[in-house]
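Asks: Modelling step: build the complete structure from the supplied sequences, incorporating the hints.
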Amino acid sequence: METQNITNTISNSLNSLFSSLQKSLDDDIFKALDKLTFIDSDILNSKYFSNLLTDKANGLIVLANALLFGVLLYYACSYLFSRFSLTKHSQSPLQFLSKFVVCAILINFSGFICEQILYVFDIITDCVRQIGFFFFSINVSFEFWSKELHDVFLAETVNPMINIFTFDGILQSFIYVGLINLLFTYSLRYIFISILILFFPFAILSLILDSTNWIFKMWMKNFFSLLFVQIFISVVLLLIISIKYSFTDYTVKILYIGRSFCPNEG
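Position one of the sequence shown corresponds to residue 3 (our numbering), numbered consecutively onward.
Some hints here could point you the wrong way.
As the list claims (entries may be wrong) - Subject to a maximum C-alpha distance of 20 Å in a straight line, what follows is the list of computed DMTMM-like cross-link-like pairs (lysine to aspartate or glutamate): (1) LYS37 / ASP128; (2) LYS149 / ASP36; (3) LYS33 / GLU150; (4) LYS33 / ASP44.
Bear in mind the hints are in silico, worked out from the structure with no lab data behind them.
Replies: Here is the structure:
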């Protein structure tokens, strides 16, 4: 009898702990996923980006402009050396000065350019989400999806506490493992996008010289591919929320586990 009481105490403690964790995740994780996934131009309104990117007196723009004139000095020296050594320089002075002027303008408006790029992707993402609202009366977001998960797993449950020693508890644990995995994945994506935004003035600077323009191409490829993820996730969420199953057994719950891992494929 004493052993059984100890077992029940341990079981109830674990279930209570897991239920508390589940409630905390329900309150925070889905809102955090929406914020980390659907990035718009508001990311540039933070004090951090304002000081580093949009402040032309003290931010990264000043450093990029200093490097810009450093590149000008480098080209002048290399061009004079090529004239004395009777070798042909890879760029003519007119070609270099044209790139210099264009890059100087783009560098000083790099914050505005990034804002417009983010705004365009936000419009495309919002169009996909509006399709769900107008045609299916659903809000394409992780927060709305959380309500659907709650209806599937807890609608018929009298006791809201999760029992991890049941099949339902195991299924729910898999779902929350998938969601935590998504949270870390999209957190890294958010950080990478922030870094690429800050690096944008220097990516533009690399366009001046033929030997360094590959840096801008790599920046553009990574930046646009990371932003395209949110459009893909919007489509995935639209499909997994709008599709309704007619199953009434554990099949539908297992399918929801698959759904929780689908956005991670982006």
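Asks: Next, verify each hint and record whether it holds.
Replies: Now the hints, each set against the structure:
Of the pairs offered as hints, the one joining LYS37 and ASP128 holds, with about 14 Å between alpha carbons and a cut-off of 20 Å not exceeded. Of the pairs offered as hints, the one joining LYS149 and ASP36 holds, with about 14 Å between alpha carbons and a cut-off of 20 Å not exceeded. Our distance criterion of 20 Å between C-alpha atoms is met by LYS33 and GLU150, whose separation comes to about 15 Å. Between LYS33 and ASP44 the CA atoms are separated by roughly 16 Å; this keeps the pair inside 20 Å, and the hint holds.
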